[in-house]
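*Asks:* Spelled out, the chains give:
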Amino acid sequence: MRDAGGGGNGFTMAEVMVAAGAREIADGQVVVVGIGIPLVSAVLAKRTHAPNMTLLLELGVVDSDPRQLGVGNADARIWERATAFTSTLDVMGTVLHRGLVDIGFLGALEVDPYGNMNSTEVPLGGGRIRRFGGSGGGNDMASLARRTIIIARHEPRKICATLYHNTSPGHLEGGDARRRAGLPGGGPWRVITDKGVFGFHPETRRMVPLSLHPGITAEAFREATGFPLEVPPDLPVTPAPTTAQLKLIREEIDPGRAFTGA
Amino acid sequence: MEAAQESKIATLAGAAALVPDGAHVALGGFAIARNAMAFARELIRQGRRGLTISQGICGLESDLLAGAGAVERVIYGGGSLDKFGLLICINRLIEQRQIVAEAYSGLALTFKFLAGALGLPFMPIRSIRASDVLARAREVAPDQVGEVTCPFTGEPLLVLRALAPDVAVLQVQEADALGNARIYGPRWDNWEAARAARGVIVIAEEIVPTDAIRDWPEMTLIPGHRVQAVVPLAYGAHPTALYHWYDYDAEHLQEYAAAAQDPASLPRYLDRYVFGARDHEAYLERVGGRDRLARLATGEEIGYAPGGEVRAPR
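So the protein lines, in turn, are chains E and L. Quick note on numbering: this note's numbering labels position 103 of the first sequence as 103, and the sequence is numbered without any gaps. Quick note on numbering: this note's numbering labels position 14 of the second sequence as 14, and the sequence is numbered without any gaps.
Simulated from the structure, these hints should not be mistaken for laboratory data. Owing to the predicted nature of the structure, the values given are computational and were not obtained by experimental measurement. Glycine included, every Cβ here is placed at the ideal spot set by N, Cα and C. Please note: incorrect hints may appear among the correct ones.
Which chain E residues stay away from chain L? Per the calculated CB distances, all over 12 Å, these [said to hold, decoys possible]: (1) E24; (2) G36; (3) L89; (4) R130; (5) H201; (6) E219; (7) P228; (8) L229; (9) K247.
Covered stretches of chain L (in silico footprint by chain E; criterion: 3 or more residues with CB under 8 Å from a CB of chain E, positions within the stretch not fixed) [claimed, not checked]: (10) 75 to 83; (11) 108 to 115; (12) 145 to 151.
Starting from the given sequences, assemble the full structure and let the hints guide the process.
*Replies:* Listed below in structure tokens is the structure:
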């Protein structure tokens with residue numbers, strides 16, 4: 001991703017996304033995170049405005065405070081300084097399934113207008129498919145958390161009209177479809193892309209743009225979206241990461257720039 | 001005189017021989033953490049075929065087994081090699097319809113193991129409904145999902161059938177000769193999978209005296225009476241990580257990922273590291289010997305190798 005701030009000492013789009021994600025986490029909340037930007041956002045929130053947030057990893061890591069972000073959930077770097085090592089049954093069962101998780105924060109390959117997510121497979125044509133990681137804890141988080149925050153790349157094929165495979169349910173067909181289907185969690189709350197932030201219409205439950213990242217025009221935002229979308233001319237700009245946030249991200253949280261560099 | 005309890009110590013080859021062609025094996029790794037790699041390599045050397053694998057989050061041991069042609073069906077919640085790649089061989093074989101993918105979610109697999117562990121026929125679950133995960137599971141495994149009405153509230157409940165693997169294979173840090181096994185770090189679904197299985201094979205990095213187990217019995221995750229065989233084996237998880245013992249081997253994981261991407265080069269990887277290394281000791285020499293392995297040693301308090309981030313390619 002390009003230098004969104006311009007002039008070389010600006011910030012990257014990934015940093016804008018990290019700050020936007022952190023902003024959605026309130027102090028005291030219980031958050032299950034996936035790897036990548038969700039993890040960076042959660043750690044940033046914990047080191048700034050949300051010290052009493054409880055960070056959970058699906059394999060059974062409770063309230064870690066990592067110094068390095070590692071290469072994935074299985075990397076002990078992100079388990080560091082945990083207060084408890086438990087299990088999937090504990091974190092995803094007795095906390096998430098029980099209804100005690102405020103935010104499920106995850107990435108997705110494809111997202112449709114109602115926040116339904118695909119992370120399983122995409123068609124290649126001629127009946128062939130390409131397989132990806134599958135649900136993991138994604139479906140459980142999307143089904144059961146009070147709110148879901150989704151990270152996705154903003155391209156027409158990724159923010160798209162229809163999914164090839166609905167791995168993790170959003171608002172399904174919209175309206176009260178989710179409640180009728182018996183899904184306990186509240187469903188998607190925000191979709192944070194490299195171009196802006198979406199929320200969801202309170203009745204139709206369809207995605208609506210809330211802000212455009214610095215330097216992104218309404219036209220560019222619309223063109224990158226794979227379904228017809230009204231982008232009001234007076235949309236706010238997503239707040240840029242503050243100097244203090246940037247210092248934390250670059251010097252402490254992700255100094256190797258594994259997730260926030262480009 | 002006190003009668004001695006019977007040792008369950010077995011060789012790697014002997015333990016692998018307990019798993020016949022076509023067996024249903026629950027594997028205990030998670031992506032690139034605590035995978036029973038040496039055990040998987042030995043199953044491949046012995047030419048095992050037609051296995052069903054069940055695993056909450058599949059990782060390197062299941063991918064290697066699949067790549068070697070040992071796997072027919074994967075019952076799983078998803079998986080990857082973390083930043084080193086996706087499940088390269090499993091995914092390719094699913095795409096080519098050579099492996100049947102019975103895919104759920106991570107929690108769904110845990111619940112299926114839990115039902116098996118409790119001897120119950122099924123477990124209700126509130127996730128995976130209204131998704132293609134459920135739709136696909138109904139197609140691939142129609143006898144594994146169903147609905148019941150709660151007798152107390154009238155609520156309709158989605159239920160998952162219990163899983164009962166023939167054997168669970170767990171890579172652990174410490175065990176005694178009786179099979180009492182300790183796991184350090186998070187345990188994902190190992191507790192449930194071990195208890196769901198009819199037998200358990202433990203691959204232990206270190207054997208500790210039974211007296212040490214009796215001194216700290218609360219540390220025992222898998223009690224010995226559930227265990228069939230214990231294999232003492234240093235670096236049994238290599239190139240994956242064993243928390244507080246050694247880190248993952250980033251260089252080797254990159255070598256695997258590159259080889260696995262290309263079906264033509266995978267046989268060369270297998271020749272070099274599996275068939276060409278007659279046993280685990282020979283394998284350890286092939287990957288650089290003890291001196292190189294010592295560099296993966298973890299810090300006393302942190303549980304991973306100190307000295308900077310081990311970076312994977314994006």
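*Asks:* Does each hint fit the structure? Answer for all of them.
*Replies:* Right, here's what the structure says about each hint:
| no. | hint | in the structure |
| --- | --- | --- |
| 1 | E24 | holds (22 Å) |
| 2 | G36 | violated (9 Å) |
| 3 | L89 | violated (5 Å) |
| 4 | R130 | violated (7 Å) |
| 5 | H201 | holds (20 Å) |
| 6 | E219 | holds (29 Å) |
| 7 | P228 | holds (24 Å) |
| 8 | L229 | holds (24 Å) |
| 9 | K247 | holds (19 Å) |
| 10 | 75 to 83 | holds (count 7) |
| 11 | 108 to 115 | holds (count 4) |
| 12 | 145 to 151 | violated (count 0) |
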